[in-house]
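Asks: Keeping their order, the protein sequence lines are chains A and B. In terms of our numbering, the first sequence is residues 11 to 319. In terms of our numbering, the second sequence is residues 11 to 319.
Derived by calculation from the structure, the hints in this document are not laboratory data. One or more of the hints may lead you astray.
If several chains are the same, the list does not tell them apart, and a pair holds so long as it fits within one copy or across any two.
In the DSS-like style, the derived pairs of lysine-lysine whose C-alpha atoms are separated by at most 25 Å in a straight line are [as the list claims (entries may be wrong)]: (1) Lys140 to Lys199; (2) Lys14 to Lys86; (3) Lys205 to Lys140; (4) Lys254 to Lys13; (5) Lys199 to Lys257; (6) Lys172 to Lys296; (7) Lys146 to Lys205; (8) Lys284 to Lys140; (9) Lys199 to Lys209; (10) Lys209 to Lys172; (11) Lys91 to Lys140; (12) Lys296 to Lys284; (13) Lys205 to Lys190.
Keep in mind it's a predicted model, so treat the numbers as computed, not measured.
Next come the chains, spelled out residue by residue.
There are 2 protein chains.
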Amino acid sequence: MGKKITIHSPATVANMVCGFDVLGFAVHEPYDIMHMEITEELGIVIVNEDDFNLPTDPLQNVAGAALLALMEAYGKPVGFKLTINKQIKPGSGVGSSAASSAGAVVGANALLGNLFSNEELVKFAMNGEKLASGVKHADNIAPCIYGGVTLIRSVFPLDIVKLNVPDLYVTIIHPQIEVKTSDARSILKQQVQLKDAIKQWGNIAGLVAGLEQGDYDLIGRSLEDFLIEPTRSILIPAFEAIKKVSKELGALGGGISGSGPSIFMLSTNESTAKSVELAMQQIYDKIGLGYHTYLTTINTSGILLSEAS
Amino acid sequence: MGKKITIHSPATVANMVCGFDVLGFAVHEPYDIMHMEITEELGIVIVNEDDFNLPTDPLQNVAGAALLALMEAYGKPVGFKLTINKQIKPGSGVGSSAASSAGAVVGANALLGNLFSNEELVKFAMNGEKLASGVKHADNIAPCIYGGVTLIRSVFPLDIVKLNVPDLYVTIIHPQIEVKTSDARSILKQQVQLKDAIKQWGNIAGLVAGLEQGDYDLIGRSLEDFLIEPTRSILIPAFEAIKKVSKELGALGGGISGSGPSIFMLSTNESTAKSVELAMQQIYDKIGLGYHTYLTTINTSGILLSEAS
Numbered sequence: 011m012g013k014k015i016t017i018h019s020p021a022t023v024a025n026m027v028c029g030f031d032v033l034g035f036a037v038h039e040p041y042d043i044m045h046m047e048i049t050e051e052l053g054i055v056i057v058n059e060d061d062f063n064l065p066t067d068p069l070q071n072v073a074g075a076a077l078l079a080l081m082e083a084y085g086k087p088v089g090f091k092l093t094i095n096k097q098i099k100p101g102s103g104v105g106s107s108a109a110s111s112a113g114a115v116v117g118a119n120a121l122l123g124n125l126f127s128n129e130e131l132v133k134f135a136m137n138g139e140k141l142a143s144g145v146k147h148a149d150n151i152a153p154c155i156y157g158g159v160t161l162i163r164s165v166f167p168l169d170i171v172k173l174n175v176p177d178l179y180v181t182i183i184h185p186q187i188e189v190k191t192s193d194a195r196s197i198l199k200q201q202v203q204l205k206d207a208i209k210q211w212g213n214i215a216g217l218v219a220g221l222e223q224g225d226y227d228l229i230g231r232s233l234e235d236f237l238i239e240p241t242r243s244i245l246i247p248a249f250e251a252i253k254k255v256s257k258e259l260g261a262l263g264g265g266i267s268g269s270g271p272s273i274f275m276l277s278t279n280e281s282t283a284k285s286v287e288l289a290m291q292q293i294y295d296k297i298g299l300g301y302h303t304y305l306t307t308i309n310t311s312g313i314l315l316s317e318a319s
Numbered sequence: 011m012g013k014k015i016t017i018h019s020p021a022t023v024a025n026m027v028c029g030f031d032v033l034g035f036a037v038h039e040p041y042d043i044m045h046m047e048i049t050e051e052l053g054i055v056i057v058n059e060d061d062f063n064l065p066t067d068p069l070q071n072v073a074g075a076a077l078l079a080l081m082e083a084y085g086k087p088v089g090f091k092l093t094i095n096k097q098i099k100p101g102s103g104v105g106s107s108a109a110s111s112a113g114a115v116v117g118a119n120a121l122l123g124n125l126f127s128n129e130e131l132v133k134f135a136m137n138g139e140k141l142a143s144g145v146k147h148a149d150n151i152a153p154c155i156y157g158g159v160t161l162i163r164s165v166f167p168l169d170i171v172k173l174n175v176p177d178l179y180v181t182i183i184h185p186q187i188e189v190k191t192s193d194a195r196s197i198l199k200q201q202v203q204l205k206d207a208i209k210q211w212g213n214i215a216g217l218v219a220g221l222e223q224g225d226y227d228l229i230g231r232s233l234e235d236f237l238i239e240p241t242r243s244i245l246i247p248a249f250e251a252i253k254k255v256s257k258e259l260g261a262l263g264g265g266i267s268g269s270g271p272s273i274f275m276l277s278t279n280e281s282t283a284k285s286v287e288l289a290m291q292q293i294y295d296k297i298g299l300g301y302h303t304y305l306t307t308i309n310t311s312g313i314l315l316s317e318a319s
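Sequences are here, hints too, so could you generate the full structure?
Replies: Structure follows, in C-alpha cells:
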C-alpha cells in the first residue's frame with residue numbers, strides 16, 4: 011500500500027518534581043524507533059524487534075490499545091503493520107509505554123493524512139496508558155506528542171498547555187531495579203495537609219513562571235516537592251545522596267522521573283550535566299547497583315517522523 | 011525637615027481564585043492617600059484624616075507596626091509624621107491593611123534615600139499584616155509594592171516573583187457585610203484530598219502560563235477553585251449568582267477577593283467589565299444589600315509616590 015514511515019518517539023519525564031500528575035517534558039534521548047505502514051489486511055500487526063518480549067496481541071500491547079482507539083474514531087476499515095524497536099526500557103520511569111502509544115497514533119495519523127488534532131491523538135494514546143498502569147494519565151503522552159514541557163491543566167476535559175522553555179540539559183540515571191507504577195501510586199497518601207499543598211502550588215507556579223521567563227534561579231528554587239517525593243523516594247536507592255551531590259555540582263535541581271526508579275537532574279550547561287552524570291554513576295558503582303545514564307536536552311519537537319528508507 | 015511626600019497605595023486582590031496564599035494583584039482603584047515627612051521629633055506620629063477611627067498608637071496601627079520594623083532595621087534615631095486618608099474600607103477584603111503597611115514603609119524608604127530593597131520593604135510591611143490578622147502573609151503586601159500580579163513562591167524564606175500580565179479589566183463588588191479574616195481562615199479544612207490539590211496546582215500552573223503567554227482563554231479556564239471557595243463562599247451573599255451571571259456576560263472568571271467579602275471578576279475589555287458591574291449591583295439591589303463597586307484595571311506599578319504640594 012505504499013508509504014512506510016519511521017517514527018522516533020522520545021522518552022519523557024513526568025511530574026517534574028512539583029508538578030505531580032500535571033507536568034511532563036520530552037527529552038532527545040533515549041527514543042524508541044518504530045516503522046509503520048498501512049496494510050491491505052485489516053487490523054493491527056505488531057512486530058517486536060527488541061528483546062523485551064512485549065505482547066504482540068493489539069489488545070494487550072499499549073501501542074495496539076492506542077491504535078485501536080484511533081481506528082475506532084477513524085470509522086473506516088484499515089490495517090496497520092507496526093514494527094517496534096524499543097530503546098526505552100519498560101518500567102524505567104521515563105515514559106516507555108507513552109512512547110509506544112503516542113508513537114503509534116502519531117504515525118497512523120500521518121499515514122491517514124493528518125485527520126486528527128494533537129489533542130485527539132493524546133486521547134487515543136491515553137488508552138495505552140490505561141492498559142499499562144490502569145490510569146488514563148497524559149503527563150507522559152502530552153510532552154511526547156507536543157514536545158517541550160507540557161502542562162495537563164485538566165484531564166477531564168483534556169486541557170494541554172505547551173510552555174515556553176529556556177535551554178536545559180537533562181541528566182537521567184536509571185537504576186536497574188523495578189518500581190511498579192501501581193506500587194508507587196498505592197503508597198501515596200490520599201489526604202494531604204493544606205499547608206503542604208500551598209507550598210506545592212507555590213512551587214509549581216514558580217516553576218511555570220521560571221520556565222516562561224527563562225529564569226534559571228527561579229526554576230531551581232521551585233524544584234521542591236514536600237508531598238510525593240518524601241514517600242516515593244524511599245523506593246529508590248541513594249536518592250538523597252544523588253540529589254545532594256547533583257545540586258552541589260551546580261544542577262538546578264531535579265527528582266524522581268515519573269513514579270521512578272529513574273532520577274533526573276536539570277542543568278544550564280553541558281559540563282555541569284556531565285559532572286552530575288559522573289557523580290551519579292560513582293554513587294551506584296559504590297553500592298554495586300547496575301544503571302543506565304543519559305545526558306540529553308529538552309526536546310521541544312516531540313515525536314519525529316520520516317519516510318522509511 | 012523639608013521633603014514631604016504623597017503616597018497613593020492601591021487596593022490588592024489576594025488569592026486570585028486558584029492561588030490561595032500565593033497569588034495577588036494590585037488594581038488602580040481604590041487607593042489610600044497618605045502624606046509623610048521626616049520630623050525632628052523622634053518616633054512615629056499618625057494622623058487619621060478619614061472616619062474609620064483606626065488606632066493612632068503606632069503599636070496598634072498596621073502602618074505603625076510596619077514602620078517600626080523599618081526603623082529598627084534603619085538603626086539610627088528618626089521620626090516620621092504619617093497622615094492617612096483611607097479610601098479602602100477596612101475589612102473589605104481588598105488589602106486595606108496592606109495598603110497602609112506597604113504605603114508607610116515605601117514612603118519612609120523614599121524619605122530615607124531608598125536604602126531598602128522591595129523585598130526588605132515587604133518583610134517590614136508584613137508586620138502590619140501580623141498585627142491585622144495574626145499571620146505574616148504577603149499576598150496583598152507584595153502586589154501593593156511590586157505592582158501587577160505577584161507570586162509569593164515561599165514566605166520563609168521570602169521569594170517574590172512578579173509575573174508578566176496582559177491587559178485585564180477588574181470589576182469588584184464589596185457587599186456591606188463583615189467577614190473577619192480570622193473567621194474565613196478558621197473554617198478552612200486543614201486536610202485536603204490529594205486529587206483536589208492536584209486540580210488546584212493544575213489550575214495555578216495554567217493561570218501563570220495564561221498570564222505569561224497572554225492567553226485569555228487559558229486564564230479563564232484556570233480560574234477554578236475546588237478547595238477554598240466552596241467553603242468560604244458560604245459567607246458571601248449571592249456569591250454563586252454573581253459568579254454565574256458574570257461569566258454569562260463574558261467575564262473570564264473570578265471569585266472571592268482575599269478572604270472576602272469582596273468579589274472580583276476579570277474581563278478582557280471595559281464594556282464587559284461594565285456589564286458585569288451592573289449585573290452585580292442588580293443582584294444586591296434585589297436582596298436589599300448595600301455595596302460599593304469598582305471598575306478598574308490591573309495596576310502594574312504598585313504604590314505611587316509624588317512630592318506633596
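Asks: When the hints from earlier in the document are held up against this structure, which numbers fail?
Replies: Hints 4, 5, 6 and 8 are the ones this structure does not satisfy, whereas the remaining hints hold.
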